[in-house]
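In numbering that gives the first Met the number 0, the protein residues as written are 0 to 186.
Just so you know, the hints here were simulated from the structure itself, not pulled from any lab data. Heads up, a few of these hints could be off.
[To be verified] FRET-style restraints, in silico, Cβ to Cβ: (1) Gly13 <-> His160: 24 to 30 Å; (2) Asn143 <-> Asp88: 17 to 23 Å; (3) Lys11 <-> Arg103: 27 to 33 Å; (4) Ala89 <-> Met151: 25 to 31 Å; (5) Pro163 <-> Gly1: 46 to 52 Å; (6) Lys149 <-> Arg103: 22 to 28 Å; (7) Ala147 <-> Glu106: 24 to 30 Å; (8) Ser181 <-> Met151: 21 to 27 Å; (9) Gln124 <-> Ser156: 49 to 55 Å; (10) Arg90 <-> Asp123: 14 to 20 Å; (11) Gln124 <-> His160: 24 to 30 Å.
[To be verified] Computed cross-link-like contacts, SDA-like style, restricted to lysine to any residue with a CA-CA straight-line distance of at most 20 Å: (12) Lys153 <-> Val136; (13) Lys96 <-> Pro59; (14) Lys11 <-> Arg45; (15) Lys65 <-> Asp87; (16) Lys11 <-> Leu27; (17) Lys12 <-> Arg33; (18) Lys96 <-> Asn76; (19) Lys174 <-> Thr161.
Beta carbons: idealized from backbone N, C-alpha and C, even for Gly.
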Amino acid sequence: MGIDLRTKNHAKKGHRTAPASDDPYLLLLVRLYRFLARRTNANFNRIILKRLCQSRTNRPPLSLSKVVRFTKGNRENRIVVAVTTITDDARVVKVPKLSVCALRFTEGARNRIVSNGGECLTFDQLALRAPTGAKTVLLRGPKNARTAIKYMGKPGSPGSHTRPHVRSKGRKQEKARGRRNSRAFKV
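Build the full structure now, drawing on both the sequences and the hints.
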């Protein structure tokens, strides 16, 4: 009898090779970064290509406050690169001079960056300025900040912070003994 090699035969790669979107500008960017990933041996271009093909769920928006936080110290004069939308954050009072490259910017975020002497770049401009990703900071949005993630897990078990799927947060819905510490529940 032979050995069963099911895992090796016709094993599919676990990520997309092309975006699901029909956006012609996105498809042009994929062509550009596919070329750069092939012709330069910089890992930066392979990462950008992979992220351009990802779904919207896997490209969560990045707040301006996170951009400001991750460009302090020795990263001040670098170009911030995020394959997602950059959103405004009213909690940030002072925005430093930044060079940010992203797929899109909200109107407020673009105004805040440009009014403070910064610049908002597109990925084709980035390819001309830093074809190998030199002097850039690659950032991502918080993928697990979605509300749907909060329901994943076992609700009610000790130490779990998982939300239960309930109609309302009333007295009768999942508030009994055996569910809550406030109802004398002990492990």
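Here is what the structure says about each hint:
With their beta carbons about 29 Å apart, Gly13 and His160 fall inside the hinted range of 24 to 30 Å. A hinted range of 17 to 23 Å holds for the C-beta pair Asn143 and Asp88, which are about 19 Å apart. With their beta carbons about 31 Å apart, Lys11 and Arg103 fall inside the hinted range of 27 to 33 Å. Range check, Ala89 to Met151: Cβ separation about 30 Å, and the 25 to 31 Å hint holds.
Look at Pro163 against Gly1: about 49 Å separates their beta carbons, and that is inside 46 to 52 Å. Checking the proposed 22 to 28 Å range against Lys149 and Arg103 shows it holds: the Cβ atoms sit about 26 Å from each other. Taken as a hint, the range 24 to 30 Å holds for the pair Ala147 and Glu106, whose Cβ atoms sit roughly 27 Å apart. One distance hint, 21 to 27 Å for the beta-carbon pair Ser181 and Met151, holds here, with the actual separation near 24 Å.
At roughly 50 Å, the beta-carbon separation of Gln124 and Ser156 lies within the given 49 to 55 Å, and the hint holds. For the pair Arg90 and Asp123, the beta carbons lie near 32 Å from each other, so the given range of 14 to 20 Å is not met. For Gln124 and His160, the hinted distance range of 24 to 30 Å is not satisfied, since their beta carbons lie about 42 Å from each other. Straight-line distance between C-alpha atoms of Lys153 and Val136 comes to about 37 Å, which puts the hinted pair past the 20 Å bound.
Only pairs whose Cα atoms come within 20 Å are accepted, and Lys96 paired with Pro59 is rejected, the gap being roughly 24 Å. For the given pair, Lys11 sits about 19 Å from Arg45 by alpha-carbon distance, which is consistent with the 20 Å threshold. Simply put, Lys65 and Asp87 have alpha-carbon atoms about 10 Å apart, close enough for the 20 Å limit, and the pair holds. Distance check on the hinted pair: Lys11 and Leu27 sit about 25 Å apart at the alpha-carbon level, beyond 20 Å; violated.
With a C-alpha separation of about 17 Å, the suggested pair Lys12 and Arg33 falls inside the 20 Å cut-off, and the hint holds. A distance of roughly 9 Å separates the Cα atoms of Lys96 and Asn76; the hinted pair therefore holds under the 20 Å criterion. Taking the CA atoms of Lys174 and Thr161, the gap is about 14 Å. The hint holds against a cut of 20 Å.
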